[in-house]
Structure formats: structure tokens, C-alpha cells
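Participant: Below, each chain spelled out in residue letters.
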Amino acid sequence: MSPELEVQLIAVIVATACALPGAFLVLRRMAMLSDAISHTVLLGIVLAYFISGTLGSPLLFVGAAAMGVITVALVELVGGSGLVREDAAIGIVFPALFSIAVILISRYAGNVHLDVDSVLLGELIFAPFDRVMLWGLDVPRALLIGTSTLAINLALIGLFYKELKLTSFDPGLAAALGFAPTLVHYGLMTMVSVTAVGAFDAVGSILVIALMVAPPAAAYLLTDRLPVMLLLSVLIGAASAIAGYRVAHWLDVSVGGAMATMTGVAFGLALLFAPGRGLVAGAARRQRQRWEFAQQMLTLHLLNHEGAAEASEECSLRHLSSDLRWRADFAEEVVRRAERGGLVRRAGPALTLTERGRQMAREASLR
Amino acid sequence: MELLTALFTDYTLRTVALGAALLGVVSGVLGCFAVLRRQALLGDAMSHAALPGIALAFWLTGQRDSLVLLIGATVAAWVAALLILGITRASRIKEDSALAMTLAVFFGLGLVLLSALQKHPNAAQAGLKTFLFGQAAALVEEDLRVMALLGVPALLCVALLWKQFKLLSFDPEYAASLGMPTGFLSVLLTTLMVLAIAIGLQAVGVVLMSAMLVAPAAAARQWTNRLSAMVLLAAAFGAGAGVVGAVISATARGISTGPAVVLCLTAITLVSLLMAPERGLLWSAWRRRQLIAPVE
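So the sequence lines, in the order shown, correspond to chains A and B. For the first sequence, my numbering assigns the number 1 to the initial residue and increments by one for each residue that follows. For the second sequence, my numbering assigns the number 1 to the initial residue and increments by one for each residue that follows.
Treat the hints as calculated values from the structure; they're not laboratory data. Among the hints, a few may not be true.
As the list claims (entries may be wrong) - Pairwise CB distance ranges (calculated):
| # | chain 1 | residue 1 | chain 2 | residue 2 | range |
| --- | --- | --- | --- | --- | --- |
| 1 | A | Pro58 | B | Gly254 | 35 to 43 Å |
| 2 | B | Leu67 | A | Gly282 | 35 to 43 Å |
| 3 | A | Ala175 | B | Gly86 | 32 to 40 Å |
| 4 | A | Asp252 | B | Phe170 | 21 to 29 Å |
| 5 | B | Thr191 | A | Glu292 | 39 to 47 Å |
| 6 | B | Ala229 | A | Pro171 | 31 to 39 Å |
| 7 | A | Arg225 | B | Arg89 | 23 to 31 Å |
| 8 | A | Glu292 | B | Gly86 | 22 to 30 Å |
| 9 | A | Asp252 | B | Leu67 | 27 to 35 Å |
| 10 | B | Val187 | A | Asp329 | 32 to 40 Å |
| 11 | A | Trp250 | B | Leu85 | 32 to 40 Å |
Every residue, glycine too, gets a C-beta built ideally from N, C-alpha and C.
Start from the sequences and build out the full structure, keeping to the hints where you can.
Facilitator: Right, dumping it as C-alpha cells:
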């Protein structure tokens, strides 16, 4: 496999692994916990490094994941005291843990290759150079880690799908049915922590947040069904990864940065063009409703004055401007549309309702 | 004692301590409003989002002048805040997702711009490191002047519009019914917060900025129910932590100023959460025992 293909494969796998737990974070309104966790795992790595003495040990993985869970527990402890709100608790806890990590590194680990900014930023381009042997196969380490993370996430979501779904949408009901929302919550947080550790080798811990939150947020705008949302999150994440890689390759810029930017572009597209819920669809719907409402007003007005003495006077295009306070060109357009829709007939200046128009006016007045 | 005289005579220490204290005051004051208006994490998102602004300002002007870069940072952070507000208003995306997404996507865009800049002779990597962790130890008088230029007007603005900001924070509907321009005031308050962030980027960097805004306010909140006292306390906590953090990092090996200041603030917050009269955890535990005692 060529290095370029390997980098793209890693990018897709990491994006997929991130999107799965991310979907539940978005649904549970806990997206900012990914921000906290992805920073504090650094402390877990440092502490595990002090215990194990090497940077290659799997203990680093365990330490980092554990620290992610500890972060969440601390946030809940501080927030649960009722003295500060949960978001403020996040803002206090993670910088404190991160500060401890930075000080520990600069004081005791300055001579090893444990660079804070490489953890924060990562570099996907170098991933193919760090290789391991697996069953006689020579694979990049990032690919192995990414695939393992993805496998763990798939397995956990597959096994606990019902629990995750119920606790995300109705924690009260879940608790009443004996589903242990707290347990599921910490399980999900462990998954997020493991994913953050597995992914930041490749893209860095800040960009992990983009991969975790933006694709599911875009998917959330496109569907109301959880399975569809999970699938769309994965697809959008993978597409952003590939697009990001291509853009980075083309412009010769940071791959991780371009991937994150592409997830933002994907979300922006969903925000604008999502069918039904997108901004464009919303604007079009409002426009359509405006004309429909105006035509209803027109038929009601005509019905009101139908057959009365002043009918010929009231039921003219000119009169609509003064009676309904419509601008002349607006009134003209409404009448034109109503005529096309078979609601009114025009004979010179006078307007008369068709049977269909009368029907519409009666329905509108009954509502 | 030696330390105390060094604080006044040693040029570097004095500059760093002054810078950190100034940041502490400005972010302490504005953080109070952020926390009260439930925008504690907006600061975190905005500080990350400043990166592309810094990169663009550097790219367009080719200067490393701190004022130019700060203007870039301010504009980008401001755009991010508007986007977050717009996304939550216009769609069913909740605030936490909007914050996290904007934070990370802007940061990614910043990395793209920086890596494009790297081909320029003025390598940008050093700039990125400064952005992430601040450069408190390298502050010079010129930087202090820029910080004061941004910070003092921000504080004056809070003092002048005190009554309006107070009402906006506690009862925005009532403020609107009185005919106050709440939208404008809200944007103004966010802009002032951006100024505090711009100052903080110089001193403590992106990652730790959220603590500078949130921790002093959260700590001060425990001691008082009055906004004026809370704001003054938060400013004092911020300034105190700034000075102590600067001194610690000057005397101990391998402790940079940003983390030192943040850990001081964390300590203050912990003490406040535990000990503050009326609200503190120890206090309320003791009062519960007092209430139960007569029954036994």
C-alpha cells in the first residue's frame, strides 16, 4: 500500500471511530465534554508514562482513558454540588488537570519525546513511518490503533444500542425501567476517552473534537431516526476526511486542519440545504406560506363582499390596496397567482370568485 | 522578603506579574458576566477560534506586531461567537454542539492557514506555540502597553454601563421591556469578553484561557450574593492568582506562568467551594448537623 493510500485509510477509520460516540454526545447535549476529555487525557498519558517508563506501553492508553473518565466524574462532582453550573464546572476542571500535565512534563519529562503540542496537534502525514509488525504484516501503528478503536466502538454500540438509545432520549424512563443511566453514561464517556486517545495520534486532540461533533451535528439536521443518524455521521465523517486529505495534498497544508475544516464545511452545507430543516428550505417554505396566506385573504375578502351592493366597487384590484393595505404590485402578483391557481376570475377591473376560490375561503373562515 | 523586593526591582518578574495581574482583573470582571449569563464555555470556544484570525492578520500584514495579531484574534473570535449564536437560533443544534464544533473547526482552519504560512521566511511554528501556551515569561513593556490599551477601556465600559449589564445578566426580558437595546448590549458584552481573551492569549494561551474567565467568577460567587462584590472579588482573585503564579514560575524550575496561574485559581476556587460562609460545602454540612442535633 502506498503511504498516501495508508494516510487516507487511517483518516477514514479515525473519522468513523470518532463519529460513532460523537452522535450520542450531540444527542445528549454533552459535546463540550469531548473538549474537556481530549485535553485532560494528556495528564493520563504523563502519569502512565511515569509508571511504565516508556512511551510505547499500552498502559498509556489505559491511563489516558481512565483520566477521561475521572475528568467527567470531577465535572459532575463540582457541578453536582449545586454551587456552580455544569458548564462552569467543565471550564474549571479541565484547565486545572491540563495545567498539572504541562507542569509535570516540563519539570520531569523534558528530556523525552513527549511534546505537548504534538499531542494537541498530531500529524497524520508522519503516520506511515511509525510501523509495527502484526502477524507478519507490516502496518502503520496509527492504522492498528484506529482500527482497534473503531472495532471497540462498533462492538459497544452494537451490544448496548438499546440502552444508549433509551438513556439518550429519555433518561427518566430508562431509570424507571432499570437501565442504569449512570452506568451507560460512564460507559459512553469511557468510549469517548478511548477514542480521543486513539485518534489524537493521528489528528491531535483539538481536531478530534471536530471529528466527534461536526459530522453527527450535520447528520442530526438530516434525519430524525437514530440508526440513519449514525450511518450519516459515519459517512459525513469519512467524506470529510477524504476531502480534507485531498485539499491538504493539493494546497500543501496541514492534513488534520483541513479535515476539521471539511467537517465544518459539511455541517455548513447541511445547515443550508438539509431538506425540510435547512435554512434554504425554511426560507422557501416561508415564502410559499406568504403567498398562500395572501391568496386566502383575497378569497375571504371577495367572499365577504360577494353579492353585496358595493361588490363591483370592493371586488376590484385597485381596492385591494386600500382595504387589505397591500402594495399595488403585491396585490397584482397575488391576483395573478390566484388566477393561475383557478381561485378567481378577472373581468376588466372586477374580480369574481370561482367555485374553488369560494371553497378555499369557506375552509379558511372555518379554521 | 527577597521575593517581595524582587517583585518591585526585577524587571522581568515585575513585567510578568503586572501582565498576569492585569489579565486576572480583566478576565475576572468579564468572567462574572459570562458565568451569570450561562456562557462559561463561550470563552473557551472563542479563544480557540482566534487562531485563524491571528494567522490571517500575520499573512495580510506580514507583521508580528502584537497589536495587529490581537486585532486579527479579536475579529475571528467575534465571528465565531456570532456563528455559535446563529447556529443555535437557526437550527435545532444545541449550544454545546455549536460551541464544540465552532471551536474545533476554526482551530482546524487556523492550522491550515498556519501551515500555508510556514512556507514563508517568517516561520509560524513559534507563533503557534505562543498561541497555545502564551508567552508570559517573554512579556516586555510594549506588550503590557498593548494589554492595557485593550483591558482598561473594557473595564471602563463595564463601569459606565454597569446598571445595564447587571439587568441584562439577571433579567434580560425585563431589560428588554424597559426598552433597553438588549441585543446591542449583549453583543457589546461579548465583544468585551473577546478583548479579555485577546489579552489572555498573550499571557496564558488558548487552552488555559477558559479557567481565567470561569474560575475567579465561580469562586467569587460563593462568597457573596451581590454582583458588585462578586465582580470586585473576582478581579482580586484573578489579580492575586496572576501575581502569585508569576512569582512561583519565576522561582521554581520548569513551571511556566500560565499553568501556575491556573493552578492558583483552581486552589482559590476549591477553597471557596468548600469554605465560603452560607454556600460552602463544609458550611452547609455543618449546618445540617446543627439542625439534626436537637432531635437526638
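Participant: For this structure, which hints from the list above don't hold up?
Facilitator: 1, 4
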